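Hey, can you work out the whole structure from these sequences and the hints?
In case you want the letters, here they are:
There are 4 protein chains.
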Amino acid sequence: MKKRLKYAMVGGAEGSFIGPIHREAIRLDDLADLVAGSFSRDEKQNISMAQSLGISPQRTYFSWEDLLEREKSNIDFIAICTPNDSHYAIAKKALGLGINVMCEKPLSLSLKEAEDLGKIAKDRKKILGIPFTYAGMPMVKAARDLVKSGELGKICKVVLEYSQGSFRKIDFTKPLDKRNKWKMDPKKSGPSCVVADIGVHGAHLIEYVTNLKIKEVLADLSSFAPGNRLDDDASILMHLTGGAKVSMVVSKIATGEENGVRLRVYGDKASLYWNQEENNYLTVKYPFGPDRVYKRNAPYMEAVHNGHKNFSRIPAGHHEGFIEAFANHYREFCAAVRGEKNRDFPGAGEGIRTMKFVEAALLSNKLKNTWQKL
Amino acid sequence: MKKRLKYAMVGGAEGSFIGPIHREAIRLDDLADLVAGSFSRDEKQNISMAQSLGISPQRTYFSWEDLLEREKSNIDFIAICTPNDSHYAIAKKALGLGINVMCEKPLSLSLKEAEDLGKIAKDRKKILGIPFTYAGMPMVKAARDLVKSGELGKICKVVLEYSQGSFRKIDFTKPLDKRNKWKMDPKKSGPSCVVADIGVHGAHLIEYVTNLKIKEVLADLSSFAPGNRLDDDASILMHLTGGAKVSMVVSKIATGEENGVRLRVYGDKASLYWNQEENNYLTVKYPFGPDRVYKRNAPYMEAVHNGHKNFSRIPAGHHEGFIEAFANHYREFCAAVRGEKNRDFPGAGEGIRTMKFVEAALLSNKLKNTWQKL
Amino acid sequence: MKKRLKYAMVGGAEGSFIGPIHREAIRLDDLADLVAGSFSRDEKQNISMAQSLGISPQRTYFSWEDLLEREKSNIDFIAICTPNDSHYAIAKKALGLGINVMCEKPLSLSLKEAEDLGKIAKDRKKILGIPFTYAGMPMVKAARDLVKSGELGKICKVVLEYSQGSFRKIDFTKPLDKRNKWKMDPKKSGPSCVVADIGVHGAHLIEYVTNLKIKEVLADLSSFAPGNRLDDDASILMHLTGGAKVSMVVSKIATGEENGVRLRVYGDKASLYWNQEENNYLTVKYPFGPDRVYKRNAPYMEAVHNGHKNFSRIPAGHHEGFIEAFANHYREFCAAVRGEKNRDFPGAGEGIRTMKFVEAALLSNKLKNTWQKL
Amino acid sequence: MKKRLKYAMVGGAEGSFIGPIHREAIRLDDLADLVAGSFSRDEKQNISMAQSLGISPQRTYFSWEDLLEREKSNIDFIAICTPNDSHYAIAKKALGLGINVMCEKPLSLSLKEAEDLGKIAKDRKKILGIPFTYAGMPMVKAARDLVKSGELGKICKVVLEYSQGSFRKIDFTKPLDKRNKWKMDPKKSGPSCVVADIGVHGAHLIEYVTNLKIKEVLADLSSFAPGNRLDDDASILMHLTGGAKVSMVVSKIATGEENGVRLRVYGDKASLYWNQEENNYLTVKYPFGPDRVYKRNAPYMEAVHNGHKNFSRIPAGHHEGFIEAFANHYREFCAAVRGEKNRDFPGAGEGIRTMKFVEAALLSNKLKNTWQKL
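Protein chains in written order, with this note's numbering: chain A, 1 to 374; chain B, 1 to 374; chain C, 1 to 374; chain D, 1 to 374.
Bear in mind the hints are in silico, worked out from the structure with no lab data behind them.
A portion of the hints provided could be inaccurate.
Derived lysine-lysine pairs resembling DSBU-like cross-links, with alpha carbons at most 35 Å apart [stated by the list, open to error]:
| id | chain 1 | residue 1 | chain 2 | residue 2 |
| --- | --- | --- | --- | --- |
| 1 | A | K3 | B | K3 |
| 2 | B | K93 | A | K3 |
| 3 | A | K125 | A | K188 |
| 4 | C | K187 | B | K154 |
| 5 | D | K181 | D | K3 |
| 6 | D | K188 | D | K178 |
| 7 | D | K93 | D | K373 |
| 8 | A | K148 | D | K188 |
| 9 | B | K213 | C | K366 |
| 10 | A | K373 | A | K356 |
| 11 | A | K373 | D | K215 |
| 12 | B | K154 | C | K122 |
| 13 | A | K6 | B | K3 |
| 14 | C | K187 | C | K3 |
| 15 | C | K181 | B | K269 |
| 16 | B | K356 | C | K373 |
| 17 | D | K366 | C | K188 |
| 18 | A | K122 | A | K356 |
| 19 | D | K269 | A | K366 |
| 20 | A | K174 | D | K154 |
| 21 | C | K174 | B | K154 |
| 22 | C | K169 | B | K213 |
| 23 | D | K213 | A | K366 |
| 24 | A | K269 | C | K269 |
| 25 | A | K154 | D | K181 |
| 26 | B | K309 | B | K154 |
These numbers come from a predicted model, not from an experiment.
Printed below as a string of structure tokens:
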């Protein structure tokens with residue numbers, strides 16, 4: 001039997017979207033117990049969340065610094081679920097104290113910070129995980145393995161949309177709620193909104209599935225939401241190693257869309273299509289044969305994706321989704337925390353790559369949509 | 001803060017499909033702690049499962065009778081995840097000892113037993129829940145509320161398919177695995193396989209969504225899987241109160257299907273379509289306007305389904321599914337265990353109705369596919 | 001070069017749905033010239049339609065009897081597009097005069113009449129065609145060939161829905177339009193509305209695709225539309241030769257549906273799914289491999305369906321549909337008229353089979369939903 | 001009654017994809033009779049096609065110049081279905097002789113030529129039509145009208161994919177067939193393959209639906225097919241009047257795709273989605289209400305798209321597609337030829353706009369993917 005780990009959380013109070021996801025994902029597979037937390041800078045909210053989670057007052061901290069210092073010997077890892085501007089400082093201190101870290105994306109506000117964190121983690125031999133959600137989904141892992149196997153041939157073209165309509169659900173005649181406020185605030189979010197918030201998912205997904213690297217980026221950014229000073233829509237071209245071309249759209253003003261991640265990868269032998277909103281399926285298309293629709297956890301999936309059934313809880317025909325993807329990342333991360341090697345979850349390297357992508361995209365947009373190398 | 005409840009489980013060892021679902025569903029929302037169990041009649045498997053779940057040896061029981069007697073004061077409820085033939089005995093004893101029960105469907109092997117359990121639960125004022133999965137899904141609840149609101153007008157016709165291909169995934173040249181063996185064995189499963197196993201889901205779903213009652217049933221059952229002595233395919237007609245007609249198909253030999261629950265309800269003003277494999281969506285169709293596709297947990301859903309957001313954890317555009325549906329049932333059940341009234345989960349009444357349906361269907365098939373009243 | 005044939009039409013004036021379809025289908029492939037007609041019993045409408053089609057006044061007939069007698073030597077065939085009650089008389093006279101006939105379904109109001117027409121056609125060695133639309137669609141032909149090839153194994157179950165909402169688009173507070181009036185009138189339509197009108201498509205499709213025969217039928221018919229004296233909704237069970245079971249729904253009160261023909265055929269090795277509203281695709285599902293989606297006129301289709309490309313005009317990725325299906329039937333019919341053997345279109349045999357089905361269904365409904373042999 | 005027109009065709013012999021489409025589209029609605037032709041530069045093929053179409057030898061021309069000169073008084077228009085390199089010369093001569101012209105896209109090999117043709121048509125008061133297919137589809141017209149009505153609010157973003165896998169269906173180890181040979185040959189096709197061949201459809205569709213103009217273009221072109229000297233894949237960014245941004249992909253190396261035209265238009269109030277492969281449907285998405293799926297020729301469509309039913313032949317639930325779209329263009333074109341004003345079909349203006357787009361895209365690609373104005 002595997003002993004459950006112990007963890008603490010920073011951020012994730014009432015109103016947080018991602019905090020509950022982390023907690024539910026960890027509970028789903030019974031991986032770890034939440035034993036301490038610093039959930040909000042608002043004292044009342046902090047205490048109320050701690051109580052509702054059954055955290056004792058002694059282990060409820062107003063300051064995350066106190067949390068890290070006093071709990072460092074009692075916990076196996078921390079989960080960082082705060083707004084973007086504090087990721088770096090918290091992760092840095094935690095790693096420095098020898099605490100393993102699961103940090104929400106983006107890892108930091110700048111590439112330099114991300115590289116710094118990567119170095120500290122390496123030096124301290126600590127695990128740094130970043131839950132790029134979609135790479136935790138079984139059919140995305142199957143897509144990656146299909147590409148690796150050569151089934152698609154040489155990859156020539158990638159088309160990726162990540163379209164949300166979230167900024168169209170805001171009533172701009174009223175004060176913004178907390179979450180949207182920090183998303184549009186350069187002080188909290190850093191120099192980018194949509195590229196840093198969801199563009200990084202796109203960039204990671206492309207490199208994860210194709211096993212190629214982004215060489216250079218050309219980005220055309222816009223701010224369409226009223227009063228928004230940051231980018232909320234982007235059209236991005238990329239060149240990958242090996243000569244493949246990418247067309248990517250990321251948007252928060254894609255009215256009526258929910259979480260529309262649609263990935264198409266075209267090789268010279270076959271292509272694949274994966275749509276997050278139907279993420280239990282993966283379609284592969286051929287020039288000379290019928291389309292094939294693969295279903296998560298069907299008996300034949302193990303042959304396509306080595307280890308598939310370990311990333312799935314229930315049979316084909318039922319849905320696993322967002323929470324299960326997080327749980328998959330946590331399962332791999334916790335195994336690494338226990339000392340197991342070669343587990344499949346995004347870490348410091350992916351955090352750095354995606355920050356390189358963000359900086360190149362911002363620079364390209366600034367310099368009249370010219371190509372910028374990563 | 002709500003204190004977590006304590007529960008014990010009977011059944012649900014290695015190889016069980018439904019045991020882990022119950023445990024994960026309860027953990028997902030942190031509703032209760034598993035403190036004791038009797039997971040298998042195989043001693044080794046029982047101990048191994050208990051260990052992997054962190055249950056102490058003292059609270060690991062070889063006999064479920066011992067479990068119930070010794071733990072009755074320490075637990076808030078038990079979850080029954082055994083094969084069908086033991087549901088009745090375990091539930092009866094538990095209720096008799098004053099323990100609340102969540103019991104897998106079908107509630108029993110006969111209508112008489114189900115009625116008996118209903119009576120005991122009532123007499124002992126104990127909660128008896130049955131997790132008919134699909135009624136736990138938010139868009140099914142929305143469908144029910146849309147019908148209730150009159151949006152569809154008077155219901156005239158219902159078409160329901162529940163098609164699985166599970167019996168086509170079996171290699172019949174080899175000995176059957178445990179789970180399929182008991183599904184095809186009248187001693188373990190009672191007089192019906194497909195009707196009792198998934199037909200009850202269909203019958204429940206129809207009554208739940210339409211708010212009408214099944215009056216009479218005409219069933220044409222078959223056994224197509226090699227060596228199967230029980231029904232594995234059924235074509236069923238029904239008459240509902242109010243004059244609506246039903247055509248229902250349930251099958252375990254629907255080759256290539258996974259868990260194909262497709263429900264169409266036609267009123268005289270509009271119709272609805274819900275497909276379990278895309279269960280986060282609900283389509284309503286009109287004669288004089290465009291189809292409308294509703295999305296789980298979209299901002300407007302609360303207006304359609306009162307309380308919608310309480311049954312959802314994550315925003316529209318992501319998936320919730322099977323485990324979340326179970327978690328919804330458990331959330332309501334646990335609230336009832338705490339003494340809250342009018343919670344939305346299937347109980348003894350639904351268990352009895354569905355057993356009436358099973359008996360009528362079997363009788364109809366025996367009597368040359370004639371109408372049999374419920 | 002193939003010389004174009006000459007034909008006359010009976011029925012098909014302004015307001016007819018099916019008349020223009022026949023004319024467009026014939027023109028699409030330039031198969032025949034319309035040279036004479038008797039389009040309506042309303043003299044004004046008859047003349048106006050003839051003029052708009054460029055038919056000379058000398059060849060525009062008020063009486064179809066006159067048309068047949070005077071044109072019998074000048075035309076290769078007639079197309080009968082009148083209401084159901086006159087099909088028999090017109091077809092009988094035409095065949096008797098030695099004219100080939102394409103007659104809308106249902107072939108007649110009774111089985112006896114259908115058998116009579118079959119006999120006359122045979123005796124006179126004339127071609128009698130009935131354009132059961134869906135059998136003219138390339139992917140339905142591919143489905144049939146896949147079944148024939150053994151790809152699905154032994155057929156066990158068929159589920160067919162043919163659901164229209166047409167009777168929900170009627171404003172019953174106003175007088176009915178001509179077309180709906182005759183559809184609900186036993187004098188014009190015969191003893192059945194929905195079973196004779198679209199149920200016959202379903203029955204034909206099942207026999208065509210499975211290559212099995214309907215042995216017996218159990219039908220539960222209803223009349224839901226206000227004031228309708230004929231059946232407008234039916235739930236029908238069938239037993240096929242070879243032991244396969246069928247569940248079929250046909251309806252004109254399926255609110256919000258357009259022309260929802262959905263066919264599922266389950267064999268013991270694989271199953272197929274075809275949906276008329278996406279009729280350029282055909283899905284085949286397997287227990288141990290990914291679903292396969294075949295696309296009309298893709299390069300590999302010829303290997304699946306011998307002669308596929310002859311029934312298709314444009315490449316995969318574009319749509320062919322209703323008119324093209326009619327054109328396919330006419331192309332085969334015209335080839336037969338020219339004397340070619342073994343062409344693939346429904347004829348007298350199919351007309352008789354489907355009338356047997358109608359009579360058995362009506363009798364079953366009358367005799368308390370009991371099984372009736374065909 | 002409308003008298004049928006008379007027309008001649010240049011190009012469109014055996015092996016031509018588009019020639020038969022023009023002929024079938026014209027026949028479908030019985031608009032005009034084909035009376036003369038010059039179908040191929042191969043004399044045998046020319047004669048054989050003429051014979052199979054019933055064209056007399058006297059009106060079968062080896063030289064299109066002869067055809068135009070001798071038939072100019074006998075025909076109402078010509079249809080030009082030759083490879084791209086001869087469009088200009090034929091159209092120029094025809095217009096100069098006072099013959100109306102329907103010319104396949106692209107109108108010419110250069111912008112200058114297109115402008116020249118526009119000028120001649122205007123000077124000679126002749127009709128010049130270009131059948132940009134998708135604008136002939138009823139649901140595209142409905143999309144345009146929805147945008148015009150303000151239903152989507154201010155247009156901010158457009159995402160368009162036009163992805164074909166045609167160049168992946170070629171066996172490059174063998175000599176290319178005629179059609180693919182000229183598509184990859186700069187002498188026949190001009191300086192562009194994919195941008196000129198299908199990119200123009202995309203550019204036209206965007207301007208048609210949004211009612212905005214393309215201001216500037218940034219294009220990244222590739223040649224992935226073995227030995228191809230022209231572009232076969234393009235990622236294109238655009239800026240529209242009014243500030244909207246576009247991301248467009250056009251490709252002939254999109255393995256496994258057939259004719260994947262997918263258009264998404266995002267306004268600040270709603271968005272629309274149209275997919276050519278399901279072209280009878282149009283989805284409109286809202287932030288605060290369910291998605292709406294409109295169906296071609298449903299009763300409510302006339303309220304959305306003024307004149308909708310005139311562009312449709314059959315009811316919702318059946319398919320109209322490629323041929324019907326061409327027929328719609330021809331119906332409008334023929335009306336214009338008869339002297340009717342303000343008909344809805346693409347003409348010289350659209351031909352010129354799309355050639356401007358092609359030239360800007362090519363220049364952008366040449367000049368390191370910089371913005372180029374139209």
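Right, here's what the structure says about each hint:
1. K3(A) / K3(B): holds, 23 Å
2. K93(B) / K3(A): At roughly 34 Å apart (the allowed maximum being 35 Å), K3(A) and K93(B) satisfy the hint.
3. K125(A) / K188(A): holds, 29 Å
4. K187(C) / K154(B): holds, 30 Å
5. K181(D) / K3(D): Answer violated: K181(D) to K3(D) is near 40 Å, above 35 Å.
6. K188(D) / K178(D): holds, 11 Å
7. K93(D) / K373(D): Distance of about 31 Å is within 35 Å: holds.
8. K148(A) / K188(D): The given pair, whose Cα atoms are some 39 Å apart, is violated under the 35 Å limit.
9. K213(B) / K366(C): holds, 25 Å
10. K373(A) / K356(A): With a Cα-Cα distance of about 9 Å, the restraint between K373(A) and K356(A) holds, given a limit of 35 Å.
11. K373(A) / K215(D): holds, 28 Å
12. K154(B) / K122(C): Violated, at about 50 Å.
13. K6(A) / K3(B): holds, 20 Å
14. K187(C) / K3(C): violated, 41 Å
15. K181(C) / K269(B): holds, 21 Å
16. K356(B) / K373(C): Holds, because 31 Å separates the two Cα atoms, which is no more than 35 Å.
17. K366(D) / K188(C): Violated, at roughly 71 Å.
18. K122(A) / K356(A): holds, 19 Å
19. K269(D) / K366(A): Given that 35 Å is the threshold and the Cα spacing comes to 29 Å, the pair holds.
20. K174(A) / K154(D): Judged against 35 Å, a Cα distance of about 21 Å means the pair holds.
21. K174(C) / K154(B): holds, 21 Å
22. K169(C) / K213(B): Judged against 35 Å, a Cα distance of about 28 Å means the pair holds.
23. K213(D) / K366(A): This hinted pair holds, its Cα atoms lying about 25 Å apart.
24. K269(A) / K269(C): Holds. K269(A) to K269(C) sits at ~28 Å (cutoff 35 Å).
25. K154(A) / K181(D): Holds - the C-alpha atoms of K181(D) and K154(A) are around 24 Å apart, at most 35 Å.
26. K309(B) / K154(B): holds, 28 Å
Going down the numbered hints, you'll see the structure goes against 5, 8, 12, 14, 17, while the others check out.
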